[in-house]
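Asker: Make the full structure from the sequences, and use the hints.
Protein chains: 2
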Amino acid sequence: MADVGVTGAEALVLAAVRDGVRVCFANPGTTEMPLVAALDRVSGMRAVLGLHENVCTGAADGYARIAQHPAMTLLHLGPGLANGLANLHNARRARTPLVNVVGDHASWHLPFDAPLTSDIAALAATVGRVRTVCDRTDMGTATRAAIDAAHRGLGVSTLIVPADHQQAQLAQEPAGEADREPVERSGRARVGSDRVKDVAARLRDAGEHATLLIGGNGLTRAGQQAAARIASSLGTALYSETFPARAERGGGLPDIDRLPYFPEQAAAALRRGLVVVAGAEDPVAYFGYAGVPSLLARPGDLIRLARPLEDAEEALVELADMLGAASWPARTPTAAVPIPDGSEPLTGRTVGQAVAAALPEGAIVSVEGGTCGYPFYSASAAAPAHTVLTNTGGAIGQGLPCALGAAIAAPKRPVIAIQSDGSGLYTAQALWSMSREHTDVIVLIAANHTYNVLRTELGRHDNTDFGPQAAALTSLAKPRIDWVALSTGFGVPAERASTVAHLRTALTDAAADGGPHLIEMAL
Amino acid sequence: MADVGVTGAEALVLAAVRDGVRVCFANPGTTEMPLVAALDRVSGMRAVLGLHENVCTGAADGYARIAQHPAMTLLHLGPGLANGLANLHNARRARTPLVNVVGDHASWHLPFDAPLTSDIAALAATVGRVRTVCDRTDMGTATRAAIDAAHRGLGVSTLIVPADHQQAQLAQEPAGEADREPVERSGRARVGSDRVKDVAARLRDAGEHATLLIGGNGLTRAGQQAAARIASSLGTALYSETFPARAERGGGLPDIDRLPYFPEQAAAALRRGLVVVAGAEDPVAYFGYAGVPSLLARPGDLIRLARPLEDAEEALVELADMLGAASWPARTPTAAVPIPDGSEPLTGRTVGQAVAAALPEGAIVSVEGGTCGYPFYSASAAAPAHTVLTNTGGAIGQGLPCALGAAIAAPKRPVIAIQSDGSGLYTAQALWSMSREHTDVIVLIAANHTYNVLRTELGRHDNTDFGPQAAALTSLAKPRIDWVALSTGFGVPAERASTVAHLRTALTDAAADGGPHLIEMAL
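Residue numbers (this note's numbering), protein chains in the order written: chain A, 1 to 523; chain B, 1001 to 1523.
Hints in this document: simulated from the structure, not taken from any laboratory. Computed from a predicted structure; not experimentally measured. Note that beta-carbon positions come from the ideal geometry of N, C-alpha and C, so glycine has one too. Accuracy of the hints is not assured; some may be wrong.
What the hints assert, rightly or not - Residues from chain B that keep clear of chain A, each with C-beta distances beyond 10 angstroms, as calculated:
#1 R1046
#2 I1066
#3 S1118
#4 D1164
#5 E1181
#6 G1192
#7 A1201
#8 S1233
#9 M1322
#10 A1336
#11 G1362
#12 K1412
#13 S1435
#14 L1458
#15 R1460
#16 A1501
Claimed, not checked - Looking from chain A toward chain B, a few residues come up when the C-beta cut is under 8 angstroms (computed):
#17 T31
#18 L39
#19 I66
#20 R93
#21 D119
#22 A122
#23 F243
#24 M322
#25 L323
#26 Q429
#27 L473
#28 W483
#29 G489
#30 P493
Claimed, not checked - Estimated spans, in silico, between C-beta atoms of each pair:
#31 B/P1345 to A/H449: 36 to 42 angstroms
#32 B/D1113 to A/G192: 22 to 28 angstroms
#33 A/Y261 to B/L1110: 17 to 23 angstroms
Answerer: Structure representation (structure tokens):
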């Protein structure tokens, strides 16, 4: 195709395909029609429609967390971008490589301030890098630069593409585009040995009075094994960051708990002395509470083995070796997953245990919401090897799109979404894309019909006697959402379960049937 | 309450209530809990929960279009605001008074960049005025200033309220707050008589070679009647802006068509010579198309009687009087609504006619999407008096929230939402709030299972042979959305209709039953 004329839109898609972008999560509009046409004229890019942009951006995040290379989105003007910003916020916090393509009015039409005109660049800048294509011949290089930025971990990388530059006919692709080298996947920066040596010395001094807080790629299997070697050698305490973008779990890995969510408990967990951060952000309270410090470790206690964009896995291995820690046993005896009785009602605990016990080898579990999410994480250490994805930025409505994207990145791996109901209602449209794309996703809705976390928070603000409006604002009852009906409406078969036995049967049946399924768990 | 201690949050709600804000469309989170508690401790503010922020902001827009004074929203941090931006964009284009309240982290917690931290002010600035409360004693005055700005038509007025300032105990409300005068509802600026005189002279010279394009409050009953007097006196052509925020219609009003959507037809409609704009924006193409000018009137032909924030109604009346136009007859004979045969299948035309024929006096009709929206508007001129609300900014997902807000503003008026399916899927969660609030809204879904406007646009870009991905990206089939199931899931009774007779029966039954109903119209 490169030796015949191409449109600007085709040059963009060609450049993206050449640099390994294979999936486009899209909800296009009028200003993106040349790009839509280009998705058929250039081969190699799969288009996935989301019924709302926050499905597209959340799916692109989930995709890249599993695929380890970026997908592209295609969004319509400022409002389309705005709709997808919440999950771009989560992607930014996950440091997910993501190429966010937003159409704009033809450049000559912008000064007329037509109804859909808005400040797209200002919106995009809140989640990362942004560049507007200002010349039609620039399409390929601008795309390449956006992908490069995504790979270098510069947050979400947005490319704004005016419609006239998409439509423009180029005599041919700019010289050198067709046979250039793909963007270098630069990977994570190495941690210098001097720093590893310093940390090793501090850890030896601290002995049991130290805690290792792991995040980023410290949560690979190798990273966790290295951390566990250090812990068993020195008696160091181990925690994972509270909301990892991606954590390997089970299959004989050490049971590394997540740092508690509430700051009092988190600060208590970090109070034994030295706190070594490896791949995680500095530990900070999720919200500020009067009388509770924002930084959860004493500043003098905090040292960094690897910052979030650095190679924490490698640094942990080097550190473990340097400390002379014994190698990680090929297979440690782990506790069996506790198995609740079939007649038990569904609670956070019984759901967490039942799902962990039923987890197939290699599953991907997208977790959003605390009700079942925390108990599952506790139970799943003893399950077969699996990957957990969590909500990194706190913008709710992330779990279902993330599961969709993960399933598209790894079509052979079973995906389970453990989803609280309040957050699930933000992006329930993801169910439709799961159906259309025939993804093997089992969605488990924790239906307690409240914004439970807010009830807890109201209590923290000394409002234990909720007034009627506060009660109504934190309730999803009156009327109760019927998730089975919603799911059916979006084309995903669904059923309701209220006991452990019923949940188990539903899980087995869904897995046997294939394709997406939803189980509303009456908690 | 003013003589005992109040929290900052209570001071905010007190100030809002004092200035006539009576409804808060909310989806709060942890950082807004003091405001949630204040909604019970201060009387006079009704809280309405939306399951997604774009429901809240769209409802606040619809509310104010009908109530003519602002509602308040309550949104959670940057991601909550981001979720509601699309309908704030529409509100900005509608010039709707709207007070947008967004919580933020405690001010002392912000520097720690906790996961939910983002640049809220940058997001808010894309839709209007923004101010962050920086001192706890400032709460009342900041609220008052935000309401004042909303009244003065300065777009969406956002107040960012850090959690610590919400929680702070004030010994008492700041002096003078309790007994101050309410914010002046300054209303629209008067158009000077000199300008009206100039326009009268130009119109007299142009005679039949002139077009009057009406928008804003030129679309009140009095405004339209004055415009019709001018038109019948001079032979001037008349058009309404294409997407009015609020237009009165029927009940003997002149049948003023909307300026066509596509620029070629719109430019042709404005080609007879002088174009006088009254309350509308300058006529600009919705999208830019190569070879078609952005400005739809020749620049030399365009003059402005009233700009969008000016009082177009009064200026039109003054102009009609100045031209000596005969007064508008108390009741003009209007054509009867054409009534389709009961056995006819549902199409845009038959739906438009059947709904217009069944329209009760005083109805509010929220229209989103072209399939049935345009035919309804054509048919409804002969219907009883009603009010039409349209999507002013083109950010889809506006129709259902707008209908919800309108129903809360006018609980005694029946509300009908004529809603295309693609856009309806953006904010289907509004159905749940309609159910919870027992609003009399009948939702009519035009279920053609495509993004039809995009098929048309693809054709305009010379892509009449859609490739398979373009076809998939503009299709809502595979699987088909089951709106009856979705609606039931959200607690709104629903049925499906495929003939005119069935639609008529469903409309009658829904109105008789009261409360919200949804009818999926199989087109």
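Asker: Take the hints in turn and mark each one as holding or not.
Answerer: Against the structure, the hints:
1. R1046: Nearest chain A Cβ is 8 angstroms from B/R1046, so the label is violated.
2. I1066: holds, 21 angstroms
3. S1118: B/S1118 is in fact no farther than 10 angstroms from some Cβ atom of chain A, at 6 angstroms.
4. D1164: Label violated. Min Cβ-Cβ 7 angstroms, cutoff 10 angstroms.
5. E1181: At roughly 28 angstroms from the nearest Cβ of chain A, B/E1181 sits farther out than 10 angstroms, so the non-interface label holds.
6. G1192: Check passes; 25 angstroms lies beyond 10 angstroms.
7. A1201: holds, 28 angstroms
8. S1233: B/S1233 clear of chain A: closest Cβ-Cβ about 32 angstroms, beyond 10 angstroms.
9. M1322: Consistent with the label, B/M1322 stays out of reach of chain A, its closest Cβ about 31 angstroms off (over 10 angstroms).
10. A1336: holds, 34 angstroms
11. G1362: holds, 28 angstroms
12. K1412: holds, 23 angstroms
13. S1435: violated, 5 angstroms
14. L1458: Violated, because the least Cβ-Cβ distance between B/L1458 and chain A comes to about 5 angstroms, which does not exceed 10 angstroms.
15. R1460: Label violated. Min Cβ-Cβ 8 angstroms, cutoff 10 angstroms.
16. A1501: Since the minimum Cβ distance to chain A is about 26 angstroms, B/A1501 lies beyond 10 angstroms and the statement holds.
17. T31: Cβ of A/T31 sits 7 angstroms from chain B, so the hint holds.
18. L39: It holds, given that the least Cβ distance between A/L39 and chain B is near 5 angstroms, below 8 angstroms.
19. I66: violated, 21 angstroms
20. R93: Nearest chain B Cβ about 5 angstroms off; hint holds.
21. D119: holds, 5 angstroms
22. A122: Constraint on A/A122 satisfied, holds at 5 angstroms.
23. F243: holds, 7 angstroms
24. M322: Interface hint status for A/M322: violated (31 angstroms vs cutoff 8 angstroms).
25. L323: Hint violated; A/L323 Cβ to chain B Cβ min 31 angstroms, cut 8 angstroms.
26. Q429: Hint holds; A/Q429 Cβ to chain B Cβ min 6 angstroms, cut 8 angstroms.
27. L473: It holds, given that the least Cβ distance between A/L473 and chain B is near 5 angstroms, below 8 angstroms.
28. W483: It holds, given that the least Cβ distance between A/W483 and chain B is near 7 angstroms, below 8 angstroms.
29. G489: holds, 4 angstroms
30. P493: violated, 11 angstroms
31. B/P1345 to A/H449: 36 to 42 angstroms: holds, 40 angstroms
32. B/D1113 to A/G192: 22 to 28 angstroms: holds, 25 angstroms
33. A/Y261 to B/L1110: 17 to 23 angstroms: holds, 19 angstroms
Of the numbered hints stated above, those contradicted by the structure are hints 1, 3, 4, 13, 14, 15, 19, 24, 25 and 30, listed in ascending order.
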